[in-house]
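Enquirer: In case you want the letters, here they are:
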Amino acid sequence: MNVLIDNLSLYAEGLLGTVELTVYSSLLALALGFVMASFRVAPVASLRAFGTAWVTVLRNTPLTLLFFAVLLGLPRFGIVLPFQLFAVLALGCYTSAFICEALRAGINTVPTGQGEAARSLGMTFRQTLGLVVLPQAFRSVIPPIGSTLIALAKNSAIAGSFSVTELLGTYKTLNELGYNIVWTFVWIAVGYLIVTLSISAIFNVLEKRWGVAR
Amino acid sequence: MAVDPLIELRDVNKHYGQLHVLQDINLTVDRGEVVVVIGPSGSGKSTLCRAINRLEPIGSGTIFLDGQPLPEEGRALARLRADVGMVFQSFNLFAHKTVLENVSLAPLKVRGRGKEEAERRSRELLERVGLLGHADKYPAQLSGGQQQRVAIARALAMDPKALLFDEPTSALDPEMINEVLEVMRQLARDGMTMLVVTHEMGFARSAANRVVFMADGRIVEDRTPEEFFTDPHSARAKDFLSKILKH
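In the order they appear, the protein sequences are chains A and G.
Using UniProt numbering, the letters of the first sequence map in sequence onto residues 1 to 214.
Using UniProt numbering, the letters of the second sequence map in sequence onto residues 1 to 247.
FYI, nobody ran anything at the bench for these hints, they're computed from the structure.
Even for Gly, the Cβ is constructed at its ideal location relative to N, Cα and C.
There's no promise every hint is true.
Label-pair restraints from in silico Cβ distances [unchecked claim]: (1) A:SER46 - G:GLU56: 21 to 29 Å; (2) A:ASN108 - G:SER41: 41 to 49 Å; (3) A:THR112 - G:ALA140: 13 to 21 Å; (4) G:MET201 - A:PRO43: 49 to 57 Å; (5) A:VAL205 - G:GLY191: 13 to 21 Å; (6) A:ARG48 - G:GLY67: 30 to 38 Å.
Construct all of the structure, not just a fragment, from the sequences and the given hints.
Expert: Right under this line is the structure:
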């Protein structure tokens, strides 16, 4: 218990770091995932190819490798940003590939007739997707997107190895100060539980609200 | 015979892999005309119907709508589709929208009409198909026949130049077929240009100006219903009619 009470501000700082990484990366991942999913079902072949390439590369690259690529690679091209922003970019892009596929799975659950009816009424691709297909896909993608964002929250721990303030990274300081390593990690785990259970709770509410409104 | 062609297909061909589903199709539908397409399954009639608003792209040939060749995928195609209504075998009402929203969605978003005007017009059309009382229900709460009548109202809400019907009664219970056919007969009497793919021979006889008989991807006969049903020329049509009429 002492570990937590003595170092409350350090833990709080770490937790805040993890929450920030999770929230910003989630927003980026959702936005990019949405765009990429639209690309992958677009009538334009080059957009489909781009979306497929995006997913293939990012989904199949280990996240740590992606962090190295972003943190060490981008500065070589003169792009120097705060480490936290680099971490958000790496996490957001990586997760967007999974969001894209969850959305695409949702789009595929909507019968093709729905899209055909929309097109036959003169709706453009955007209108068909935005007004008819995605609102119906949304219901079935709430659970997998929740899981993906929980994975994102836990993946944010990797950023700690790249000098970004986040929850897992606090163990180094505490270890040096001589605290019991087991209890140090127990409280870190509790911190992650707070984040991931909050995400679960949000998605449970979303699912109750939208998931079964048929 | 073509006085004022609204839909015109010239030398249209389409393949699904090895299968030649549309073979040198030439067909004209004049303004105000009702053309019924019949034929055995797999004869290409649904593909023909869907090709007219390019839900199925064609391999070669040209399709003209109101004098304009059918454009490639994009905004021009969307504009053209807005003028050609389509009614599907499986209704395809938007499952997440109420009946009223189903009918007024496209007028609002595609035609850019005001909400009040679009809803007033939608209510008129729902009244016309006898479903005004169901305006606030969701499609899943309606019977098949009711859903199909909503689908017809939805197509009419765009004030289309022509309506395409792709087997509109094939997914319906027998007792619901008539309520849909009655709406279609009324449309035909009102002078709507219609191309109807159907197995309803009664409708073909009573409402059609012309009957087009298709088999194996070709148009075999294209004549008035009276001539076609009493004196089919081709062996294929005689065989088809004997199968469906005598039982």
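Enquirer: None of the hints should be skipped; say for each whether it holds.
Expert: Evaluated hints:
1. The supplied range of 21 to 29 Å is met by A:SER46 and G:GLU56, whose beta-carbon atoms lie about 23 Å from each other.
2. About 27 Å separates the C-beta atoms of A:ASN108 and G:SER41, a value inconsistent with the hinted range of 41 to 49 Å.
3. Here the CB-CB span from A:THR112 to G:ALA140 is close to 18 Å, well matched to the stated 13 to 21 Å.
4. Between G:MET201 and A:PRO43 the CB atoms are about 38 Å apart, so this pair departs from the stated range of 49 to 57 Å.
5. Between A:VAL205 and G:GLY191 the beta carbons are some 53 Å apart, a value that contradicts the proposed interval 13 to 21 Å.
6. Between A:ARG48 and G:GLY67 the C-beta distance comes to about 33 Å, which sits within the given range of 30 to 38 Å.
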